[in-house]
Structures are given as C-alpha cells and as structure tokens.
Amino acid sequence: MADVKAISLYIRPEFENPAVEKAVVGDIERRLSVWERVSNMDPVRKFTVLVVLVVAWELYTRLGSINELMFPTFSKTFAALIDALVNAGLLINIWNSLSLLVTGYVIGISIAAVLVVLGVWTRFGSDLLTTLTAMLNPLPAIALLPLAMIWFGLGNQAVIFTLLHSIIWPVALNTHAGFQSVSETMRMVGRNYGLKGLPYICKILIPAAFPSILTGLRIGWAFAWRTLIAAELVFGGQVMDTSGQLGAEGGSAGGLGWIIFQNQMENQTPYVFAGLFTVIIVGIVIENGLFRNVEDRTIRKWGMQQS
Amino acid sequence: MPSEVMTTGAADATSAASKPNAPILDVEGVTIQYKTKEHLITATYRVDFQVFEADRFVILGPSGCGKSTLLKAVAGYLHPVEGEMRLNGTSVTEPGPDRVMVFQEFDQLLPWKTVKENITFALLNGGRCASKNEANDIAMEYIQKVKLDRFEDTYPHMLSGGMKQRVAIARGMAMEPAILLMDEPFAALDALTRRQMQEELLALWEDTKFTVLFVTHSIEEAVIVGSRILIMSPHPGQVKAELNAHDHSHATIGEDGFAELQSKIHNMIFADRVLEDEVVNHG
Numbered sequence: 001m002a003d004v005k006a007i008s009l010y011i012r013p014e015f016e017n018p019a020v021e022k023a024v025v026g027d028i029e030r031r032l033s034v035w036e037r038v039s040n041m042d043p044v045r046k047f048t049v050l051v052v053l054v055v056a057w058e059l060y061t062r063l064g065s066i067n068e069l070m071f072p073t074f075s076k077t078f079a080a081l082i083d084a085l086v087n088a089g090l091l092i093n094i095w096n097s098l099s100l101l102v103t104g105y106v107i108g109i110s111i112a113a114v115l116v117v118l119g120v121w122t123r124f125g126s127d128l129l130t131t132l133t134a135m136l137n138p139l140p141a142i143a144l145l146p147l148a149m150i151w152f153g154l155g156n157q158a159v160i161f162t163l164l165h166s167i168i169w170p171v172a173l174n175t176h177a178g179f180q181s182v183s184e185t186m187r188m189v190g191r192n193y194g195l196k197g198l199p200y201i202c203k204i205l206i207p208a209a210f211p212s213i214l215t216g217l218r219i220g221w222a223f224a225w226r227t228l229i230a231a232e233l234v235f236g237g238q239v240m241d242t243s244g245q246l247g248a249e250g251g252s253a254g255g256l257g258w259i260i261f262q263n264q265m266e267n268q269t270p271y272v273f274a275g276l277f278t279v280i281i282v283g284i285v286i287e288n289g290l291f292r293n294v295e296d297r298t299i300r301k302w303g304m305q306q307s
Numbered sequence: 001m002p003s004e005v006m007t008t009g010a011a012d013a014t015s016a017a018s019k020p021n022a023p024i025l026d027v028e029g030v031t032i033q034y035k036t037k038e039h040l041i042t043a044t045y046r047v048d049f050q051v052f053e054a055d056r057f058v059i060l061g062p063s064g065c066g067k068s069t070l071l072k073a074v075a076g077y078l079h080p081v082e083g084e085m086r087l088n089g090t091s092v093t094e095p096g097p098d099r100v101m102v103f104q105e106f107d108q109l110l111p112w113k114t115v116k117e118n119i120t121f122a123l124l125n126g127g128r129c130a131s132k133n134e135a136n137d138i139a140m141e142y143i144q145k146v147k148l149d150r151f152e153d154t155y156p157h158m159l160s161g162g163m164k165q166r167v168a169i170a171r172g173m174a175m176e177p178a179i180l181l182m183d184e185p186f187a188a189l190d191a192l193t194r195r196q197m198q199e200e201l202l203a204l205w206e207d208t209k210f211t212v213l214f215v216t217h218s219i220e221e222a223v224i225v226g227s228r229i230l231i232m233s234p235h236p237g238q239v240k241a242e243l244n245a246h247d248h249s250h251a252t253i254g255e256d257g258f259a260e261l262q263s264k265i266h267n268m269i270f271a272d273r274v275l276e277d278e279v280v281n282h283g
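So the sequence lines, in the order shown, correspond to chains A and B. Each step along the first sequence adds one to the number in our numbering, with nothing skipped, and position 156 is 156. Each step along the second sequence adds one to the number in our numbering, with nothing skipped, and position 173 is 173.
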C-alpha cells in the first residue's frame, strides 16, 4: 500500500497558445515528386517487369548457346513476329481468333445473365444454377471438343460450343455470388424508392455486385481465350487431314492456334514462339486495355476497390 | 395503459393548444415476430403510438426492445403478425417512397452515384420527379440545405461519415415523404460530429417542419432531438411511457429541466434492468 501512496498526480499549469491561428508550418498540401507520380502509374510498373523478363530471355539464349530450334533468342522471335505480321497475314489470324471469341463471349454472357436472373427470382432457379455450376465448372472446356465435333462437325460452331462452356459457369458463379453479397442496407434503399423486379436488378444489384461481376467476366475471358487457342490447335490437325490446304487465305486462314500448329509442323521454332507471343500480347492488351480501363472507370472510381 | 398513467400536465397544455384532426402515422396493437434458425422471437408486443404532423417522435429504449424492428415495420420491410400500421389512413403493406428511411450504415448511399445522382436517383425512381432537370434542381436545393454545395459531384467514398449522413438526410428530405424514418442515423459518428448533426437536423426542422420518426438508444439524443419520446421496455418490446421533450434542445442542456427529464428516463430504463437481473438471479 505504501507504493501506491508514493504515486501522486502531477498537476501542471494550463496554457493556451495564442499563436496557433497565425502560424504557418511548411506545406499543408504538396504535390508528389515526378518519380513518386511515375512509380504510382500501374502501366509503368508492369512494363518494367516485362523489360526485365525480355532482357533475361535474350541474355540466357545468347550466353547459354541454346539450340535455336529449341529456344530462339528474343530478337529472332521478334523478327519472326514482325515478318509474320507484315508478310504472313498474322493480323488476319488474330482477327479470326478474336471474332470467334467475341461471338462466343457475347452469347455466353447472355446465357449466364438469364441463368442468374432466374437464380435471383426463384428458389428453383437458384438451385439449378448452383448445381449446374458445381457440376460443370470443374470440367475443362477442351474436353468437350470431341463431342462438339461429333455434334457440329469441323466448323466454328463446334469451337463456339466449347467457348460457351468455358464462359457461362465462371460468369454465372461470380455474378450470383456478387448478388448474394450485396448489403442489406443497399437492398432496403432500393426497395424504399419502389424498385422491384428487373429495374431492381439493373439499378441496384448489378452495380452493387459489379466488382464480382467484373471478376467473373475476366475469368470467363481468360478461360475462353485459352480454350479457343487449344481448340484451334486440335482443329489444325483435323483441317489439314481433311482438306490438305496448309496456306489457306482470308476467312479460312484459321486462328492463332492454327499458326502455332502449322509452324511447329514446319520446324519454324521462332514463328511458333511468335505465335505464342501474339497470344500473350493479345491477352495483355485485353486485360490492361479493356478490363483495367473498365475497372478504373467503375469500381475504382466508386471506391469499391482499392487501387 | 401505462402511457395514460404517465401523462402529465405539460401534455395537456400542448394538446389543448392545437390538436390536429388525424395522426400521420397510427400504430395500433402491433406485434412483430421474426424467426432465426432455431427460435421464434417476439420483437415487439402490442405496441400503440400515434405520430402527428411536425412531430419529432423519438423511440427510445435499450438494445433488444425492438425499436429498430418497429421502424423497419413502419417502413414496410417487416410485417406484423398482429395489429396494424396506418399512414394517413392507408394500411402499410410494403416499402414505398412515402416513408423514406435514413439508415445508420454509411453504405446506404449508392457508391456508383455522386452526391447529386444519389438524390436524383431517389427523386426519379421514387416517382417524385418526372424530368431530370426538375430532379436536378430539387437535389441542388437540398444539397445546399445540408451545406454540401461544392461536393455535389463527389462520390460517396470520398466523403466523411458525417457528410455521408448529411447526403442521406438530404435524399430523404428531398423526397418530401409523409414521414421521415431515421434509424440511429448518428450512432456511427464521433461525438462532436453527432452534436453538430443534431443541431443541423433541428435547424432543418425549424425550416420545413417535416415529420420524423427517430430511433435512438441515447437518452441525451432523445431529449435534444425529440419533441415527444416513446420509451420502450425490452424482451419483448412494449410501450413503457410517452413523454414530452419539445422544450429541450442543445440550448437547455445545462438547465434543471433537462437533467430532470434525463434522469426520469434513465430511471425508467434502469428499473427494467434491475428487474431483469433479479429474474436472471432467481432463474
């Protein structure tokens, strides 16, 4: 008890600072330095990573004296890519792949939308959606290609069928999950102003669930892109067997997968790399040019996702 | 009825001064039950009260007295198992723009819309305005009323908590509902901002004399904001008393009457708690 007594409150004099109104201490608001602003730009940082990878590739293939047929240098691949773009009509191949992809994407999203709306409105729809997604989401789309070829033959329809499978489930799954996680307050606000049915879904649920929906669209796009290239690779063999035409032109020139397959058959390893490179570049352009832009203009602007 | 027993001389004086013909909101014998996964819970039991025009009607009670549940029922989100709620004579069955709710949660503002768009969204969808221009004008008027001009094109995530609540209040008032429902709108704010918001709400009331039904668990807030206070007892929520508080505001905080009313309410709520403890001990 003696210890407790020894500690006593130290009572200090009070004071008020009369100068606090007038004092100006340094900057109240300061613009970030150029370096800080540049390093805050996402494209700049990502491009730096790319440059580092390219330099590593070039150094490894040059200094390691790697067989060119196995692993060409970056400069050779780049030259092959330019050559393919200028002389071999690579742009047409890219266009063929992309137009097929967009067709499948649009149809797939529409089907997913119908499924999700059913899932929101009725309990049966919700059960149907969750069961179908649980069953079919783990099934690789490319595994359906043989079946698609039996049903639709060797045409774009078969590819689109497999694309649909790779798009519908991730989009539907993410959208449905997004709808379910919309806060109760936001739902009540929507109903307070008399929103019901489709307007309620369009004006409250979709924007509120947009982060999840965008994730679904992204995953759907990535799955579809992979499936498409794989399907074209498989198709490449089939087309050559039946028609025997390797250098088809224009609309029947095939897509990017076909280019990779064709050049592999001709032992043109730099061109195979160029084809793979194109697949990657298209992926990056869509991801950074399209999805990133949509993200910046929506969920980042709205503060629903941190940058 | 306990509310009649508690009626004081002050209430007689005001009712003699001016008695409106019909209440805006008439809640009669409302019992609300809801189900959790394992239990059926009676949130309120045969609650009666009437809200008249320009009332600042506060429902006060400890947590678990069903005050928020009652407010959600008035808003039309929940349906009573017994009794009826009438708004201007019409029975309440579903949510509607004639009873706008201001929530405690900050996410009541739609994050994909700016301050102004949040208000015009309500005006256009709630059927108060047909044209966008008209909605814009009304929105700007109310944005100025809550002192948020300069922020009309800002997205909600860039606003502070107090500013978000101001937007929500502006949105509610812009709708000019028959009754404005407020569910502990200032509970998530810091004490200084809360006080400022209470003052502003009272100033807005002086300006337009809107009818508001306000739920809180703070005795002080009830006395400051309310003109009439309904005190509820918990488990299940029942009406314990209705008191007048129209004489009190921030200006009278230091006065005897304010402290008296506050301790009177405190004792009413505290009495319940003692009883409850006894029940627990004996059980």
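Heads up, some of the hints might be wrong.
25 Å max Cα-Cα, derived BS3-like pairs, lysine-lysine [as the list claims (entries may be wrong)]: (1) A:K76 - A:K46; (2) A:K301 - B:K37; (3) B:K35 - A:K301; (4) B:K145 - B:K132; (5) B:K35 - A:K203; (6) B:K264 - A:K203; (7) A:K301 - B:K209; (8) A:K76 - A:K301; (9) B:K113 - B:K145; (10) A:K46 - A:K203.
Treat the hints as calculated values from the structure; they're not laboratory data.
Between the alpha carbons of K35 (chain B) and K301 (chain A), is the straight-line distance 25 Å or under? violated (39 Å)
- request: Given the hint that K301 (chain A) pairs with K209 (chain B), test it: the Cα-Cα distance must not exceed 25 Å.
  value: violated (37 Å)
Check your understanding: Regarding the pair K76 (chain A) and K301 (chain A), is the alpha-carbon distance no greater than 25 Å?
Key -> Violated: K76 (chain A) and K301 (chain A) sit about 42 Å apart, past 25 Å.
Does K35 (chain B) pair with K203 (chain A) here, judged by a C-alpha cut-off of 25 Å?
Violated. K35 (chain B) to K203 (chain A) sits at ~30 Å, over the 25 Å cutoff.
Margin query: Against the 25 Å threshold, does the CA-CA distance of K301 (chain A) and K37 (chain B) hold or violate the hint?
Written below: Violated: K301 (chain A) and K37 (chain B) sit about 39 Å apart, past 25 Å.
For K46 (chain A) and K203 (chain A), compute the direct alpha-carbon distance and say whether it is at most 25 Å.
Not satisfied, since the Cα-Cα distance of roughly 35 Å exceeds 25 Å.
| message | With the threshold set at 25 Å, check whether the alpha-carbon distance from K145 (chain B) to K132 (chain B) stays at or below it. | response | holds (20 Å)
Would the pair K264 (chain B) and K203 (chain A) pass a check requiring their Cα atoms to be no farther apart than 25 Å?
violated (47 Å)
task = Compare the distance between the alpha carbons of K76 (chain A) and K46 (chain A) with 25 Å, and conclude whether the hinted pair is satisfied.
result = The hint holds at about 24 Å.
For the pair we were handed, K113 (chain B) and K145 (chain B), check the Cα-Cα distance against 25 Å. With Cα atoms ~20 Å apart, K113 (chain B) and K145 (chain B) stay inside 25 Å; holds.
In this structure, the hints that do not hold are numbers 2, 3, 5, 6, 7, 8, 10, in rising order.
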